[in-house]
Amino acid sequence: MNKRFLFLSGLILAAAISRLIPHPYNFAPIGAMSIFGAAYFTDKKFAFLLPILGLFISDLLINNILYSGYYSSFTLFTPGFGWTYGAMMLIVIAGFFIMKKVNVTRVIGGALSASLIFFIVSNFGVWLSDPDYPLTFSGLILCYDMAIPFFHNTVLGDLVYAGALFGSFELAKQNVPALQKI
Numbered sequence: 001m002n003k004r005f006l007f008l009s010g011l012i013l014a015a016a017i018s019r020l021i022p023h024p025y026n027f028a029p030i031g032a033m034s035i036f037g038a039a040y041f042t043d044k045k046f047a048f049l050l051p052i053l054g055l056f057i058s059d060l061l062i063n064n065i066l067y068s069g070y071y072s073s074f075t076l077f078t079p080g081f082g083w084t085y086g087a088m089m090l091i092v093i094a095g096f097f098i099m100k101k102v103n104v105t106r107v108i109g110g111a112l113s114a115s116l117i118f119f120i121v122s123n124f125g126v127w128l129s130d131p132d133y134p135l136t137f138s139g140l141i142l143c144y145d146m147a148i149p150f151f152h153n154t155v156l157g158d159l160v161y162a163g164a165l166f167g168s169f170e171l172a173k174q175n176v177p178a179l180q181k182i
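Residue numbers are given in this note's numbering: position 162 of the sequence shown equals residue 162, and the series is strictly consecutive.
It cannot be assumed that every hint is accurate.
Think about it this way: if two alpha-carbon atoms lie no more than 16 Å apart in a straight line, the pair counts; the simulated EDC-like pairs of lysine to aspartate or glutamate are [unchecked claim]:
| no. | residue 1 | residue 2 |
| --- | --- | --- |
| 1 | K101 | E170 |
| 2 | K100 | D145 |
| 3 | K181 | E170 |
For each label pair, taking beta carbons as the anchor points, the in silico distance ranges come out as [what the hints assert, rightly or not]:
| no. | residue 1 | residue 2 | range |
| --- | --- | --- | --- |
| 4 | S168 | F97 | 20 to 28 Å |
| 5 | I17 | F150 | 44 to 52 Å |
| 6 | D130 | L171 | 36 to 44 Å |
| 7 | L112 | K44 | 17 to 25 Å |
| 8 | D43 | S73 | 35 to 43 Å |
| 9 | P177 | D132 | 52 to 60 Å |
| 10 | F77 | P177 | 38 to 46 Å |
| 11 | S72 | I93 | 34 to 42 Å |
| 12 | P177 | M146 | 46 to 54 Å |
| 13 | K45 | F74 | 41 to 49 Å |
| 14 | F97 | A172 | 21 to 29 Å |
| 15 | K173 | L49 | 19 to 27 Å |
If you're looking for bench data, these hints aren't it; they were derived computationally from the structure.
Ideal Cβ placement from N, Cα and C applies to all residues, glycine included.
With the sequences and hints as input, model every part of the structure.
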């Protein structure tokens, strides 16, 4: 494995593990990790695998340590995990198009797109699975409406984490030639 791959993987893992630090609801690195992977991994399968692996590891820690009181036994997956992981995959695909060239405008656009994709997909999953929302168009709108108060933290989290991930890597590339694309 080369230094670039290890450094990129380490940044994604560090972002994922940062979910263990107390933070506001929905202030998370999920979208940022996904667009970051899409932008920098030359082998695109790792653009999917590494952010999802990072999220999975952090989910295991969060669900079985921080939130262990909510579950009767070891928890591998939580309800609705498929919608979260599916949203990540869609964000990576969008990132392939948005992040063809890394610059500040594209990072901001990628982060905002990631937030919007996550909001649409995850709340669609909530609407389908939560009996509080009728499976009608008005029930879907109600579900999205109820999620709006959390959306600003999703946007803030994606912007902050995207800035940290992309900024850290670009700064490191300037100082460590081995991190340049081969």
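To see whether the hints hold, each was checked on the structure:
no.: 1; hint: K101 - E170; in the structure: holds (13 Å)
no.: 2; hint: K100 - D145; in the structure: violated (33 Å)
no.: 3; hint: K181 - E170; in the structure: holds (12 Å)
no.: 4; hint: S168 - F97: 20 to 28 Å; in the structure: holds (23 Å)
no.: 5; hint: I17 - F150: 44 to 52 Å; in the structure: violated (22 Å)
no.: 6; hint: D130 - L171: 36 to 44 Å; in the structure: holds (43 Å)
no.: 7; hint: L112 - K44: 17 to 25 Å; in the structure: holds (22 Å)
no.: 8; hint: D43 - S73: 35 to 43 Å; in the structure: holds (37 Å)
no.: 9; hint: P177 - D132: 52 to 60 Å; in the structure: holds (55 Å)
no.: 10; hint: F77 - P177: 38 to 46 Å; in the structure: holds (41 Å)
no.: 11; hint: S72 - I93: 34 to 42 Å; in the structure: holds (36 Å)
no.: 12; hint: P177 - M146: 46 to 54 Å; in the structure: holds (50 Å)
no.: 13; hint: K45 - F74: 41 to 49 Å; in the structure: violated (29 Å)
no.: 14; hint: F97 - A172: 21 to 29 Å; in the structure: holds (25 Å)
no.: 15; hint: K173 - L49: 19 to 27 Å; in the structure: holds (22 Å)
Hints 2, 5 and 13 from the earlier list are contradicted by this structure; the remaining hints agree with it.
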